[in-house]
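Asks: With chain A held as given, fit chain B onto it using these hints.
Spelled out from the first residue to the last, the chains are:
There are 2 protein chains.
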Amino acid sequence: MRLSFDEIQKEIKRVFVKYGMTEEKADTCARIHTESTYDGIYSHGTNRVARFVDYIKKGWVDINAEPTVEKEFGAIKILDGNMGPGVLNALYGTDCAIELANAYGIGMVGIKNTTHWMRGGTYGLYAANKGYIAIMWTNTESCMPPWGGKECRLGNNPFVMAIPGPEGKPALQLDMAISQYAYGKLQVTRLAGKKLPFPGGFDKDGNITDDPGAIEESMRIMPIGYWKGSSFSFMLDILGSALTGGIGAEDLDKKGMGSCGGASQVIIVIDPKQTCDRSYMSEIVEKATAYIKSSALSENSTGIYAPGEDYVAFRKQHDEKGIFVDDSVWAEIKTL
Amino acid sequence: MRLSFDEIQKEIKRVFVKYGMTEEKADTCARIHTESTYDGIYSHGTNRVARFVDYIKKGWVDINAEPTVEKEFGAIKILDGNMGPGVLNALYGTDCAIELANAYGIGMVGIKNTTHWMRGGTYGLYAANKGYIAIMWTNTESCMPPWGGKECRLGNNPFVMAIPGPEGKPALQLDMAISQYAYGKLQVTRLAGKKLPFPGGFDKDGNITDDPGAIEESMRIMPIGYWKGSSFSFMLDILGSALTGGIGAEDLDKKGMGSCGGASQVIIVIDPKQTCDRSYMSEIVEKATAYIKSSALSENSTGIYAPGEDYVAFRKQHDEKGIFVDDSVWAEIKTL
Numbered sequence: 000m001r002l003s004f005d006e007i008q009k010e011i012k013r014v015f016v017k018y019g020m021t022e023e024k025a026d027t028c029a030r031i032h033t034e035s036t037y038d039g040i041y042s043h044g045t046n047r048v049a050r051f052v053d054y055i056k057k058g059w060v061d062i063n064a065e066p067t068v069e070k071e072f073g074a075i076k077i078l079d080g081n082m083g084p085g086v087l088n089a090l091y092g093t094d095c096a097i098e099l100a101n102a103y104g105i106g107m108v109g110i111k112n113t114t115h116w117m118r119g120g121t122y123g124l125y126a127a128n129k130g131y132i133a134i135m136w137t138n139t140e141s142c143m144p145p146w147g148g149k150e151c152r153l154g155n156n157p158f159v160m161a162i163p164g165p166e167g168k169p170a171l172q173l174d175m176a177i178s179q180y181a182y183g184k185l186q187v188t189r190l191a192g193k194k195l196p197f198p199g200g201f202d203k204d205g206n207i208t209d210d211p212g213a214i215e216e217s218m219r220i221m222p223i224g225y226w227k228g229s230s231f232s233f234m235l236d237i238l239g240s241a242l243t244g245g246i247g248a249e250d251l252d253k254k255g256m257g258s259c260g261g262a263s264q265v266i267i268v269i270d271p272k273q274t275c276d277r278s279y280m281s282e283i284v285e286k287a288t289a290y291i292k293s294s295a296l297s298e299n300s301t302g303i304y305a306p307g308e309d310y311v312a313f314r315k316q317h318d319e320k321g322i323f324v325d326d327s328v329w330a331e332i333k334t335l
Numbered sequence: 000m001r002l003s004f005d006e007i008q009k010e011i012k013r014v015f016v017k018y019g020m021t022e023e024k025a026d027t028c029a030r031i032h033t034e035s036t037y038d039g040i041y042s043h044g045t046n047r048v049a050r051f052v053d054y055i056k057k058g059w060v061d062i063n064a065e066p067t068v069e070k071e072f073g074a075i076k077i078l079d080g081n082m083g084p085g086v087l088n089a090l091y092g093t094d095c096a097i098e099l100a101n102a103y104g105i106g107m108v109g110i111k112n113t114t115h116w117m118r119g120g121t122y123g124l125y126a127a128n129k130g131y132i133a134i135m136w137t138n139t140e141s142c143m144p145p146w147g148g149k150e151c152r153l154g155n156n157p158f159v160m161a162i163p164g165p166e167g168k169p170a171l172q173l174d175m176a177i178s179q180y181a182y183g184k185l186q187v188t189r190l191a192g193k194k195l196p197f198p199g200g201f202d203k204d205g206n207i208t209d210d211p212g213a214i215e216e217s218m219r220i221m222p223i224g225y226w227k228g229s230s231f232s233f234m235l236d237i238l239g240s241a242l243t244g245g246i247g248a249e250d251l252d253k254k255g256m257g258s259c260g261g262a263s264q265v266i267i268v269i270d271p272k273q274t275c276d277r278s279y280m281s282e283i284v285e286k287a288t289a290y291i292k293s294s295a296l297s298e299n300s301t302g303i304y305a306p307g308e309d310y311v312a313f314r315k316q317h318d319e320k321g322i323f324v325d326d327s328v329w330a331e332i333k334t335l
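As you go down the protein sequences, you meet chains A and B in turn.
Numbering-wise (numbering that gives the first Met the number 0), the first sequence opens with residue 0 and increments by one.
Numbering-wise (numbering that gives the first Met the number 0), the second sequence opens with residue 0 and increments by one.
In case anyone wonders, no lab produced these hints; they're calculated from the structure.
One or more of the hints may lead you astray.
Any copy, or any two copies together, can satisfy a pair, since identical chains are not distinguished.
[Said to hold, decoys possible] The list that follows gives simulated cross-link-like pairs (lysine-lysine, DSBU-like), each with its CA atoms no further than 30 Å apart: (1) K56 to K9; (2) K254 to K17; (3) K292 to K17; (4) K9 to K253; (5) K149 to K194; (6) K193 to K149; (7) K272 to K203; (8) K149 to K184; (9) K193 to K272; (10) K129 to K56; (11) K70 to K129; (12) K320 to K272; (13) K253 to K286; (14) K56 to K203.
The structure presented is a predicted model; accordingly, all values stated were derived computationally and were not measured.
In isolation and in its complexed conformation, chain A is listed as follows (with noise of 0.2 Å):
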């Protein structure tokens, strides 16, 4: 079906507030929730409405929790999440970094002890929207076994760049999983009875396949870059705790809230105005956007796009059509 936005909104508003949020803060999240429909992230937006309100029955968020200030120096805050809302902590984390950009250049905030910020990208486009660069991270829950092992021990873990698009067009960004699929993607592709379009983990035998089916039995999805992505998704978690005094892998594991339920988020915050001109940073980034699309295409290309791409051209589609919402989804959400 499709929905406008505010449909979309007032709806998934609803529902957190029956589950105890105040009203502005279930504002904030049902509207986070309708962006990331809004720009395709349907996995993150809509069709996660469901599952954050089963982790609040859990007890696995805390829905009225608020974060604290755990340490303080220079151009680093390191906040406590208290396992609130995902969203609410990564907002707040990233409006401290900010602030601290504005201060200092760059700003880092460390939050340990919070949950799922649902798109990683939410934070990036949002600080980017406001003029700044961004790198940001979290860790998760082991989902994919290490390079030479069979056994589910690194996250995927998503890692997020984000700049300023050229002045008056939108902000560019990479938001991607460590994982080459993630496992919504190979229940899409299987039920559609689909092969995936490149190799995304081994069977039980050990076996690389494109047999999406297979991968989710044996639960050996495959790191982009094989051993490079295993050591990248390593670092990522490693770092996020050493960065914020939070934990990693093994104690989310064992933690066992859910997907995210105590990670570790490293925001990491720049202000552009200090390292170069605004007209300099737009020259830059439509210049290498030129530069990308100016090679010939492949075979079998549906052309070349610059990280972020995908995001305005859904906007664009939502804005003729209506948002998209799957009827299931949204048959589940009015029961919620």
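Replies: Only chain B this time, still in chain A's reference frame:
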């Protein structure tokens, strides 16, 4: 052949002094090349000396240039590398970032207009061995097609993350280029008559292939994680330029002053004393390392390794047997 650390450093120093470096700078640069060799990164150690000399002769490196401060604000310092030796610029930049981290908890140095820093991991380990966490990268001239294209428009842009090890133990480090394989690896594999362990690019007809020769011919090496690495490399390039006021891939290509001639480097250093206790950081690193190693090994696995175990293994082997240097590489250095 096998040589001692001193033998290698002394000979490389002789060469650098001959081509116009001061004794002190030549000593430092020779030490860095020797350390990279000692750590098993031959490609950016002994194997790179002749090319560095070639760049000096061509005027692509200004052997006596020193970095100058372009901008300073809070925890940010922007340097102009003035096309001086990349190793000296990057070491100086790392020292500045450490000073900023001491004052503000986090510090960022951007270096524009610099030259090849050789092994990125040099500066990560340098910071980590002094007790800091580091995130660093450089942009480079293009050598890889963007996803969906077949002409080179992206650099393989090395990305570094380093953290001190558990107390008394070696630092952990990720030091990866964004291409799945370096051209050097393709060449070595082809010369050995072998295939790559995993597909590493496309042949000239656009077929994905593990044949190194076919990829060398097409120049269509693949980024890690396909479209993900392509976007990651793009972001490293534009953030590299925006955070330094420097130039990106297209202008590096136009400049045509060899590998990384005029590159932009970002050096972020964080003092973990401001984020958690030293003993907690040790615990994080030990625990996470033990956790990945607790997984059952996959079929044909040679083991599960934490990032950086490779350089530790090389040091051990080189301590026992002497440092490996390719005969022809050494012979060439002798003629310089």
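Asks: Work down the list of hints and note, for each, if the structure agrees.
Replies: Results for each hint:
1. K56 to K9: Classified as within: same-chain Cα gap 21 Å, cross-chain 68 Å, threshold 30 Å.
2. K254 to K17: within (27 Å within a copy, 61 Å between copies)
3. K292 to K17: The answer is neither: 48 Å in one copy and 45 Å across copies each exceed 30 Å.
4. K9 to K253: neither (36 Å within a copy, 53 Å between copies)
5. K149 to K194: both (22 Å within a copy, 24 Å between copies)
6. K193 to K149: both (25 Å within a copy, 26 Å between copies)
7. K272 to K203: Neither, since 52 Å and 43 Å both go past 30 Å.
8. K149 to K184: Both, since 20 Å and 26 Å are each at most 30 Å.
9. K193 to K272: Neither: 47 Å inside a copy, 50 Å across copies.
10. K129 to K56: Neither, since 35 Å and 46 Å both go past 30 Å.
11. K70 to K129: For K70 and K129, both the intra-copy (26 Å) and inter-copy (22 Å) Cα distances are at most 30 Å.
12. K320 to K272: For K320 and K272, neither the intra-copy (38 Å) nor the inter-copy (52 Å) Cα distance is at most 30 Å.
13. K253 to K286: between (47 Å within a copy, 13 Å between copies)
14. K56 to K203: neither (35 Å within a copy, 56 Å between copies)
Hints 3, 4, 7, 9, 10, 12 and 14, counting from the list given before, are not met by this structure.
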